[in-house]
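Sequences listed follow chains A and B, in order. Residues in the first sequence are numbered consecutively from 1, following this note's numbering. Residues in the second sequence are numbered consecutively from 1, following this note's numbering.
By construction, these hints were calculated from the structure, which means they are not laboratory data. Hints may be right or wrong, so weigh each one.
In silico EDC-like links for lysine to aspartate or glutamate, alpha-carbon gap of 20 Å or less [said to hold, decoys possible]:
1. Lys94(B) <-> Asp32(A)
2. Lys243(B) <-> Asp32(A)
3. Lys75(B) <-> Asp32(A)
Example chain B residues on the side facing chain A (calculated, C-beta under 7 Å, incomplete) [what the hints assert, rightly or not]:
4. Phe50
5. Leu194
6. Ala196
Here are some of the chain A residues that sit facing chain B, going by a computed Cβ distance under 10 Å [as the list claims (entries may be wrong)]:
7. Ser27
8. Arg29
9. Leu31
10. Asp32
11. Ser39
12. Asp46
13. Ala98
14. Arg102
15. Phe107
16. Ala232
17. Val236
18. Val238
19. Ala241
Note that CB positions come from ideal geometry on N, CA and C, so glycine has one too.
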Amino acid sequence: MRYFFAVPLVIVFAVLRLAAAVEEGESRRLLDQETGLLSARLLAADGGRRWSAAPFPEAEKLLFERMKADPIGAASVAAARKDGGTFLRDALAADYAAELRRLLEPFREELQAETEKMLEKVPSGLLEKKFASVFPAAFSAARKRLVAEQRAELIGKVYPSEAELEETDDAELTRLLTGRLLARRNAPLFEENLAFVRDTVIAPAIASGRDQQKRQLELAERLPVAADLWTASEIVSVLEAELAAETAKWDDDKIYTLFRRTRRAIADRAARLPRERVVAELPRRIAVPDYAALLAGEPERHLTPEPGLTALCEAAGREAVIETFRELAVPEAVAATLAADGAVGTAASAAAAKLVRPALLDIRRKATAAQFEKYCPELEANRWRAEPAVVEAYYAGGGGLPPTLPEFEFRDAPLFVETRTAIADRVRAVLSRAAGEVAEQFRLVAHEYDMVIGEMRKRREENVSGWLGRWFGSSGVSLAEIRELYEAKVLKLYNAGQREYRELFDSVRSEIDVRSRAILQQLEAEPETRTIPEREERPPEHVIRCRIRVEAEPEMLHVRLNGRTFSAPPGEKSERRLIAETVGEWKRFSEAAASGAARFEVELQIGGGPVYYRFVAHLREELKTAVAGSDASVSDELVR
Amino acid sequence: MKLSPSLRRRIQRALHLDANPESDIDELNAVLLQIALALMLVFMIAFFLFMRNTGGEISKVEALRKEVESARREKLLHALEQMTERYRVRYGLKAFQQIDPVSGAKQYDLSGIVEEGRFAGAENPRRSFRLGGVAACSDYSDPAALEERWRVDTLQTAALREEELPSELRGWLTSEIRRRSAMVREEVEEVQALAAAALQSHFANNPGLVRDPAVQELLDRIAVEAPGTARDLLLAELAARLKVHVYAELRRICDVPMLENLR
């Protein structure tokens with residue numbers, strides 16, 4: 001308002017100043033004077049506009065210090081706001097005056113004192129505008145800072161410190177804080193209120209601290225770390241900064257800084273994080289080598305799976321580690337340390353064992369199958385049949401190792417070990433099946449023989465020719481006829497089933513021949529004098545049948561007797577051990593079971609799976625040896 | 001020149017030296033020299049006498065000539081005075097100028113011509129200011145022609161012809177015309193500066209009326225410049241620009257071209 005009254009005064013003064021006659025030369029001086037005044041006014045107006053728009057960063061600090069200096073007067077927000085408003089207006093006016101003094105310094109000699117004073121007085125419009133833009137935010141910030149400062153002081157006197165939380169248990173902390181609180185009071189606390197203070201003030205403070213300890217540790221493990229950080233120092237500093245930023249957002253009265261244990265947890269995590277990253281990424285980076293190409297290109301170098309497979313797995317593991325380092329952009333120094341870390345090597349080996357070895361084995365299996373098919377198509381297609389002589393020799397050998405067949409020898413061929421084993425197994429299987437047929441033929445021969453002999457015994461008193469004719473179909477018999485009929489009968493019974501060999505084996509024929517002679521011998525002997533004592537008549541005896549079952553799985557042989565099972569993998573040594581255990585068990589059983597006169601019949605049942613006749617033959621021989629000197633008998637029977 | 005013996009004898013006889021046959025040649029030379037000096041002395045006295053007489057006549061003529069010249073100069077001065085007054089009238093200075101007849105001190109009074117930023121006041125002063133300004137701008141825009149008009153009018157007023165004037169007086173006339181023309185110009189500029197000061201005072205009281213973009217640009221530059229030489233230069237530039245502005249405004253409101261623009 002004073003400004004507006006001053007303006008007319010200045011105008012009158014200017015008019016009066018210019019009203020009088022001027023001396024020569026004065027005009028220019030007057031013009032310069034008025035120009036200077038105009039320049040000053042323009043600068044003042046322009047400066048005022050800029051001042052009004054410029055920030056006043058000191059406002060918050062000034063208001064803060066004013067309220068802090070007079071806490072009683074500033075206790076009420078409304079009173080503080082009113083007082084702060086007046087104070088800030090004065091500060092703004094002084095700031096404006098200082099700014100204008102600075103701007104108008106070059107005109108100090110030209111301007112008159114009152115003009116200068118008028119220019120330095122802030123126009124009320126400008127003052128209010130600046131006040132409105134500065135005061136609310138500055139007052140709010142200053143008040144907030146002051147309140148926070150006071151609150152921190154209050155909390156600092158009630159809440160425990162980080163060190164106290166870590167080093168002291170809850171009971172001791174409760175005592176400590178209670179004593180601290182009581183020390184602040186001028187009057188003593190009533191005893192009844194001690195529990196109240198403990199439960200409502202102290203306990204929540206301690207609980208808050210414990211909860212923050214726990215949450216800090218959880219965050220230390222959970223906070224993500226940027227993938228481009230690898231050194232422990234970088235990770236530690238980032239984690240600590242992030243954790244501090246996260247804890248600052250918590251809505252607790254007191255926010256604790258990082259506890260020592262939290263820092264240790266961060267350091268531990270920083271130390272192991274690079275390793276964990278690499279180990280987690282390894283399985284995705286491990287690649288199966290082109291083993292198929294190696295097997296196809298250089299089979300002679302890979303006849304056995306080892307040490308090739310292990311070498312390839314190790315190489316794949318090493319490559320995976322390198323690839324992981326490259327993919328994760330691991331710095332060189334860190335990569336060198338991780339490469340020497342045993343855990344990384346172990347993880348690489350484990351990944352290789354889990355992912356590469358089965359794949360390599362599968363490739364090898366396929367290559368083996370391909371070789372098998374290539375070299376033994378007939379055997380692979382299950383069309384190969386051994387010569388009867390070979391089958392008989394295999395059967396006579398007790399089903400042990402299959403004979404070396406020239407057609408499957410492949411001496412110079414680069415066959416894998418597995419291929420050779422597959423060939424041998426398949427040959428053994430084929431021979432075993434064929435041997436089974438031989439055994440069946442023999443069984444039929446024996447069965448028919450027993451039938452005939454039994455019938456002969458029963459009908460000893462009858463017309464031999466008559467029943468012979470019924471049995472043989474002819475009343476007159478000769479060795480040839482008996483043999484022929486015997487063979488035909490056996491063949492007929494034999495071919496009633498699905499057979500691979502439709503003809504009788506030579507050894508079976510020989511057996512038939514022998515038995516035919518025996519039958520003929522029986523026939524040619526006198527019926528009343530024909531006594532064919534197979535055995536001496538013995539008094540009725542207690543027969544104990546002992547059944548021993550032999551079964552095989554692809555990698556294991558099982559022998560079951562007396563409720564017990566003995567197992568061993570195929571192989572000469574293990575089979576010998578298995579046989580010894582079986583014989584030992586039988587001895588124990590026989591000693592325990594025998595009471596009085598008893599005759600043992602040991603029956604070997606050949607069950608499922610590829611049971612090698614070699615093993616059966618050996619077991620049978622050992623059992624026979626064990627029962628030698630007794631009346632025990634040992635028989636074997638194929639049970640499928 | 002070597003004297004012949006006969007001649008030498010004659011000279012000796014004339015000087016009465018022939019009685020002494022032992023007379024030396026040096027004595028002869030000395031006598032001859034004295035004769036020469038005597039003759040020269042006579043001539044010198046005659047010359048000085050002549051010059052004294054002649055100088056007196058010359059100085060009389062010179063004095064007469066100076067009197068004539070002084071009379072002419074007086075005429076020319078009077079004519080120049082008249083011309084000066086005539087141009088003062090032409091440029092409207094009489095309405096605003098007062099010259100002390102004793103001391104010659106000049107004062108200017110433009111009260112009311114520029115008020116509240118308007119061309120105000122009585123009709124006559126305004127007309128004088130406008131017409132005078134137009135005439136001054138027209139005359140001073142061609143200084144050579146103006147000088148020639150001064151010379152012609154001055155000679156005419158003094159009833160003299162250019163040919164009658166000695167070169168020295170012509171030179172004096174030229175320098176005097178130039179001096180007086182510049183003086184009158186200064187007086188016109190003084191009046192116009194006083195009017196500009198009045199208008200500038202109005203702008204100083206109402207700075208918002210200054211809407212020159214160049215002024216605002218200068219204010220922007222001054223605002224960001226730290227105190228120092230550069231800022232002082234900008235302030236000087238601002239003052240100059242404000243003067244240009246006020247003269248432009250004066251021209252606009254008075255419809256009078258300013259002599260300031262002819263600089």
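Outcome of the hint check:
| no. | hint | verdict |
| --- | --- | --- |
| 1 | Lys94(B) <-> Asp32(A) | 25 Å, violated |
| 2 | Lys243(B) <-> Asp32(A) | 8 Å, holds |
| 3 | Lys75(B) <-> Asp32(A) | 41 Å, violated |
| 4 | Phe50 | 58 Å, violated |
| 5 | Leu194 | 4 Å, holds |
| 6 | Ala196 | 5 Å, holds |
| 7 | Ser27 | 4 Å, holds |
| 8 | Arg29 | 9 Å, holds |
| 9 | Leu31 | 4 Å, holds |
| 10 | Asp32 | 7 Å, holds |
| 11 | Ser39 | 5 Å, holds |
| 12 | Asp46 | 4 Å, holds |
| 13 | Ala98 | 14 Å, violated |
| 14 | Arg102 | 8 Å, holds |
| 15 | Phe107 | 8 Å, holds |
| 16 | Ala232 | 50 Å, violated |
| 17 | Val236 | 46 Å, violated |
| 18 | Val238 | 41 Å, violated |
| 19 | Ala241 | 39 Å, violated |
Checked against the numbered hints above, the structure breaks hints 1, 3, 4, 13, 16, 17, 18 and 19 and satisfies the rest.
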